[in-house]
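Q: Listed in order, the protein sequences are those of chains S and R.
Each position in the first sequence, counted from 1, maps to that position plus 2 in my numbering.
Each position in the second sequence, counted from 1, maps to that position plus 87 in my numbering.
Hints were generated in silico from the structure; no laboratory data involved.
Check each hint, because a few of them may be wrong.
To be verified - Distance condition first, Cα-Cα at most 30 Å in a straight line; then the derived DSSO-like pairs of lysine-lysine: (1) S:K43 - R:K155; (2) S:K43 - R:K136; (3) S:K43 - S:K66.
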Amino acid sequence: GAVVSQHPSWVICKSGTSVKIECRSLDFQATTMFWYRQFPKQSLMLMATSNEGSKATYEQGVEKDKFLINHASLTLSTLTVTSAHPEDSSFYICSARDHGVGVDYEQYFGPGTRLTVT
Amino acid sequence: AQSVTQLDSHVSVSEGTPVLLRCNYSSSYSPSLFWYVQHPNKGLQLLLKYTSAATLVKGINGFEAEFKKSETSFHLTKPSAHMSDAAEYFCVVSGGATGNQFYFGTGTSLTVIP
């Protein structure tokens, strides 16, 4: 089946520093990837849609200058949290849509990255 | 606009008894609907999906869901709960202009009592 990986799985950083999270589709090409944020015991909130070779589309209320998304290849999207603050601590989850499978809106999710900002 | 409402934030059942997790949806288009499960500290796993084919959808681990357009519902059921079913369950509707975006419900936490 389609597998999506994320790296790192857990990261701790100091306030004011930047952190990059990678999302890779391992066995399929993904022209579209998504980034979600999940607070403890809450649902997933879509942050942005990442399109290969073009700018990401951010959801309302998400700061594009703070959460930089780059989708440089068909198998890799990165999320960089710039000048991180403790309120950015959260579980970040990416997903990818397999465009090689006809009209199928299924998304394959990565295992998530837990970010803790101290 | 698309949205889902999971009617129960928490469900508790005894092992071996039926499971019912309720989900109602709202969609401007013909929706695709999904149920995902999330075990503690694990990623989301697809249980089943409805994409305008058969209204009764069978998924993994004995789960199934029925799409009822008249009731705008997509409830998840399982005849007999197992301890390993204890997890967080999310109902999801896809939508947006291209059908790309997923809209998550708030989740239902399932507890299975031995």
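Q: Holds or violated: K43 (chain S) and K66 (chain S), Cα atoms, limit 30 Å.
A: holds, 25 Å
Q: Take a quick look at whether K43 (chain S) and K155 (chain R) sit within 30 Å of each other, Cα to Cα.
A: holds, 28 Å
Q: Given the hint that K43 (chain S) pairs with K136 (chain R), does the C-alpha gap stay at or below 30 Å?
A: holds, 23 Å
Going through the hint list in order, the structure satisfies each hint without exception.
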